[in-house]
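Student: Going line by line, the protein sequences match chains A and B. In case it helps, the working numbering puts the first sequence at residues 1 to 120. In case it helps, the working numbering puts the second sequence at residues 1001 to 1271.
Heads up, a few of these hints could be off.
Derived SDA-like pairs: lysine to any residue, alpha-carbon spacing no greater than 25 Å straight-line [what the hints assert, rightly or not]:
1) K104(A) - L1121(B)
2) K104(A) - V1112(B)
3) K1171(B) - D1096(B)
4) K1040(B) - V20(A)
5) K104(A) - F1261(B)
6) K104(A) - R88(A)
7) K104(A) - L1091(B)
8) K44(A) - E1025(B)
9) K44(A) - L1121(B)
10) K1082(B) - L13(A)
11) K104(A) - Q1090(B)
12) K1136(B) - L13(A)
13) K104(A) - K1075(B)
14) K1075(B) - D24(A)
15) K1082(B) - R88(A)
Keep in mind the hints are simulated off the structure, nothing from the lab.
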Amino acid sequence: MAARILIVEDSPLIVDAFRVLFTDAGYEVDAATTVAEAVERGAKTRADVMLLDLSLPDGNGLEIMHALRERDALPRVTLAMTGHNDARARRNCMDAGCADVLLKPVPIAELLRQIELHLA
Amino acid sequence: MTMADEETQSALRKRVVTLEQISEEAQRTIDELRSRDELKTQFLSNISHDLRTPLAAIITHAEILWDGMLGELNKKQGDSVKGILSGGHQLLDMIDEILTYVRSASDQIDLVRTHFSLPDLVDQVRVLNQALAARKHLTIERLNGDDLPSIYADRDKIMHVLGNLIGNAIKFTNDGGRIWIAFSRIGNDADIVRVEVGDTGRGIARNHHEMIFREFAQVDASPSRPHHGTGLGLAIARKLVELHSGSIWVESELGKGSRFFFTLPLNPAAD
């Protein structure tokens, strides 16, 4: 069965680009644009991979991880994505349980490689 | 008290009141300028962030096409997509430069120090810039440094500084020119490393030596200038070097090339 990716990102432009990318690469794709929506979707069907944007309109992306952990629905792998190469933000993500922190825009080859690597 | 004394005292009191008023007015102006500067910084931060998101989408879509995920591209289509990617990345670099400036201006930059080899880092930046330099038939050499001990500094930030200086050298040196990087140890215990990035380019007039390290300053700021950029590169480089307790300066004359220098303590913990 295809691995399921939950894209958490508030920009529909980025979501569209990722949908094209991951659908073509053979993944099952779901998307959420807010913390609330991501928690709802993530709890309903557990994702294998969550691509997590940190700044969302209703809060910080890391809140989703806490909420999903409480519901025992944390994805197998969470890759955070940020626009800043910031040491403090990186530490916070790793402390929260992210497998890695990627700097946006992540080159697609690198993104697919990371996902395959973490799912292996 | 004589009449003359009273007059002098009254004149003095008036002068003091006037000075106080001027001082208050100056303080108000300073406060207003500071608040406007904060607004400008906030605006730059917001606009850069907002520009980055659609740009990231453009670049990702172009990469999907370029990778042939949606079907093989013919040569003309490939060249066109390559143009989108190259322009997109250039724009992204400029936006990132503005964001780095904003963060450095509002002291939001933390140093993450590790031990690393400065000559190895220079070699890495040389490799990254090789293609750009080759297009202008420029050589980039590292003249020495194999015996330099490791340095304790923020590797990414120093890479940014080197990338900026070498990038500028490439930009402002004519075809067939030479760019070099050299190290020397200075200070009482040779505990400071001085890095030189030199070029045989067009040089910088003496009266511009200070100005080029200021924010938004460009020697040629006209819209028709041949080299475009944010005018923030050297201001950021200076900020990053100063965060490491180092300094940065240029020695240059018009038509005679430029030599940019920056210093870094090798092991700041031992300072």
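Student: For every hint, state whether the structure bears it out.
Tutor: Going down the list of hints, with the structure as the test:
Distance check on the hinted pair: K104(A) and L1121(B) sit about 23 Å apart at the alpha-carbon level, within 25 Å; holds. Distance hint between K104(A) and V1112(B) is fulfilled; the C-alpha atoms sit about 20 Å from each other, no more than 25 Å. Distance restraint check for K1171(B) and D1096(B): the Cα-Cα separation of roughly 19 Å lies within the 25 Å cut-off, and the hinted pair is therefore satisfied. With a CA separation close to 37 Å, the supplied pair K1040(B) and V20(A) exceeds the 25 Å bound.
Straight-line distance between C-alpha atoms of K104(A) and F1261(B) comes to about 32 Å, which puts the hinted pair past the 25 Å bound. Between K104(A) and R88(A) the alpha-carbon distance is near 16 Å, which keeps this suggested pair within the 25 Å criterion. Restraint check for K104(A) and L1091(B): satisfied, since their Cα atoms lie roughly 14 Å apart, inside the 25 Å limit. At roughly 62 Å between alpha-carbon atoms, K44(A) and E1025(B) are farther apart than 25 Å, so this suggested pair is violated.
A C-alpha spacing of about 47 Å is found between K44(A) and L1121(B), which places the hinted pair above 25 Å, so the restraint is violated. About 20 Å separates the Cα atoms of K1082(B) and L13(A), which keeps this hinted pair within 25 Å; it holds. Annotation: proposed proximity of K104(A) to Q1090(B) holds, straight-line Cα distance about 15 Å (limit 25 Å). Taken as a hint, the K1136(B) and L13(A) pair is broken in the structure, with Cα atoms around 37 Å apart against an allowance of 25 Å.
Of the supplied pair hints, the one linking K104(A) and K1075(B) is violated, its CA atoms being roughly 28 Å apart against a limit of 25 Å. Proposed proximity of K1075(B) and D24(A) is supported: the alpha carbons are some 22 Å apart, at most 25 Å. The suggested pairing of K1082(B) with R88(A) is violated, with an alpha-carbon distance near 34 Å, which exceeds 25 Å.
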